[in-house]
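Quick mapping for you: the protein sequence lines, in order, are chains A and B. Quick note, the first sequence lines up with residues 50 to 160 if you use the numbering used here. Quick note, the second sequence lines up with residues 13 to 125 if you use the numbering used here.
Each hint should be verified, as a subset may be incorrect.
Said to hold, decoys possible - Residues of chain B clear of chain A, computed beta-carbon distances all greater than 12 Å:
{"#": "1", "residue": "Gln-34"}
{"#": "2", "residue": "Tyr-76"}
{"#": "3", "residue": "Ser-106"}
{"#": "4", "residue": "Thr-123"}
As the list claims (entries may be wrong) - The calculated label-pair distances, taken between Cβ atoms and stated as ranges, are:
{"#": "5", "chain 1": "A", "residue 1": "Asn-79", "chain 2": "B", "residue 2": "Ile-66", "range": "21 to 27 Å"}
{"#": "6", "chain 1": "B", "residue 1": "Thr-108", "chain 2": "A", "residue 2": "Ser-74", "range": "24 to 30 Å"}
{"#": "7", "chain 1": "A", "residue 1": "Lys-52", "chain 2": "B", "residue 2": "Lys-26", "range": "38 to 44 Å"}
{"#": "8", "chain 1": "B", "residue 1": "Pro-73", "chain 2": "A", "residue 2": "Thr-75", "range": "25 to 31 Å"}
{"#": "9", "chain 1": "B", "residue 1": "Ile-66", "chain 2": "A", "residue 2": "Ser-90", "range": "28 to 34 Å"}
{"#": "10", "chain 1": "A", "residue 1": "Lys-101", "chain 2": "B", "residue 2": "Met-31", "range": "32 to 38 Å"}
{"#": "11", "chain 1": "A", "residue 1": "Gln-91", "chain 2": "B", "residue 2": "Asn-74", "range": "40 to 46 Å"}
{"#": "12", "chain 1": "A", "residue 1": "Thr-105", "chain 2": "B", "residue 2": "Ser-96", "range": "40 to 46 Å"}
{"#": "13", "chain 1": "A", "residue 1": "Gln-152", "chain 2": "B", "residue 2": "Thr-125", "range": "17 to 23 Å"}
Hints in this document: simulated from the structure, not taken from any laboratory. By construction, the Cβ of each residue, glycine as well, lies at the ideal position given by its N, Cα and C atoms.
Chain residues, written in single-letter form:
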Amino acid sequence: DAKTTQPPSMDCAEGRAANLPCNHSTISGNEYVYWYRQIHSQGPQYIIHGLKNNETNEMASLIITEDRKSSTLILPHATLRDTAVYYCIGLIYNQGGKLIFGQGTELSVKP
Amino acid sequence: NAGVTQTPKFQVLKTGQSMTLQCAQDMNHEYMSWYRQDPGMGLRLIHYSVGAGITDQGEVPNGYNVSRSTTEDFPLRLLSAAPSQTSVYFCASSLTTGGNEQYFGPGTRLTVT
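Please work from the sequences and hints to get the whole structure.
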């Protein structure tokens with residue numbers, strides 16, 4: 050699995066875009082970048098994943114650099130309910146679901 | 013769909029007691045797994061199953077047993093509880109054979125005294 054590095058914490062104003070960075074310089078060619086989040090005391094929630102193209106769904110956008118050494122998760126209009134720990138994980142597609150959660154980024158959305 | 017459900021939500025055990033944490037999903041997912049999360053730490057995989065009748069060990073399997081007799085249920089058994097097993101336990105399931113897009117239950121908070 051690729052080693053990922055994320056800032057331990059970030060703040061964001063409510064209604065603004067939250068941009069969460071992740072470095073994964075050792076990612077291999079067949080590893081996808083997955084993002085999960087964990088709201089306090091709840092189970093983790095899958096957000097989005099991508100290989101090399103930018104991806105968007107109803108929750109977020111994922112921007113992956115051309116060299117695939119880093120990516121950014123974008124929450125376009127952050128709300129207080131987006132306050133959570135966000136995890137960036139590198140996974141081979143048929144990993145067998147062996148998610149390895151690092152320390153993640155604690156995002157605080159403030160009014 | 014109820015999604016992934018876990019019972020009980022809270023449990024206190026004495027050292028040496030045994031118990032079963034229940035996990036069920038109604039999404040017809042083949043893949044199910046159990047994680048534990050200790051304070052201030054990420055989740056660690058205990059056991060997982062890629063389908064009924066098939067289970068395998070994860071990162072921290074010692075002290076836990078699992079079985080998968082149906083697609084819907086994946087119980088986790090603590091054989092002889094120890095204080096080191098005090099943790100929050102999460103069950104997850106996934107539709108894909110790769111299992112990377114997982115749906116998590118609300119967790120069971122277990123304290124062993």
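Exercise for review: Of all the hints given earlier, name the ones this structure violates by number, lowest first.
Suggested key: When the structure is compared with the hints, numbers 3, 10, 11, 13 turn out to be violated.
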